[in-house]
Amino acid sequence: MRAYLWMTLACAACADVAQPFDLDHARVMAVRVDPPAIGAGETAHIDALVTDSTITPRVAAATAVDIALPPEAAGFAALLVRTDDGWQLTAPDGAMLAAARAQAGLAADAPLIVALALTVTTLDGPLTATKTVAIGATAANPPAPAILLDGAAAPLTLTADLDAHLTVAAPLPDHDYRWFSSVGDLVGYTRDDARITPIGPGDGWIVVVDRDQAGGTAWTIAPAEVVAPARAR
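Count along the sequence shown starting at 1, add 929, and that's the number in this note's numbering.
Hints listed in this document are in silico derivations from the structure and should not be mistaken for laboratory results.
Cβ atoms here follow ideal geometry from the backbone N, Cα and C, with glycine treated the same way.
Among the hints, a few may not be true.
Computed spacing ranges between beta-carbons, pair by pair [to be verified]:
hint, residue 1, residue 2, range
1, 949, 997, 20 to 30 Å
2, 1083, 1003, 22 to 32 Å
3, 1101, 1034, 25 to 35 Å
4, 1094, 1006, 45 to 55 Å
5, 1102, 971, 23 to 33 Å
6, 1149, 1092, 20 to 30 Å
Construct the entire structure; sequences and hints are all you get.
Take a look at the structure:
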């Protein structure tokens, strides 16, 4: 009897363990630098995609985010500012960039990779993340990924306990994809297609993040609804 009770309690505890795709646990899902690579004097905007126990995936408000530069980039501190529209980093001018490359032992045309350290305040406490930006190079973020439900670009309406498939429209083989959900359990959440077993009925969210090999990042936050099976309505 005691063994059975212990096993029951253990299984109940396991149910509370956050899954990597859960939207009801605090996490930084992605950080986007737009664009992810900038030339001398150009400016990039920095956003953090977060969620917490409010179960509301969102771009964190600028006032909830702090960003620090690594020691080797301390000379750029005046170029990293928080504005009413969010954080932005301006690349140094040509002379400063050339000096930074020389100090780092880089070739005259090599990009300077700067790691940004983010701290995001949420209802559940602070979260941390890192993101790199290439200074002295050119790159762009991918477009926001389009979500298909069972192959259709329709509203995300699912039926409780009935498996469905989420896919990215026109996925690219060299991109990395990551799914998140508050309306069901996911299998294959690190692929461009995933299987979802809805729970509910109720409303919630499905999120997909797209990352390319050049540091580009994009995401889509989509509302989702789970309805009861027809026989239960």
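#### Entry: Which numbered hints fail
Structure breaks hint 2 only.
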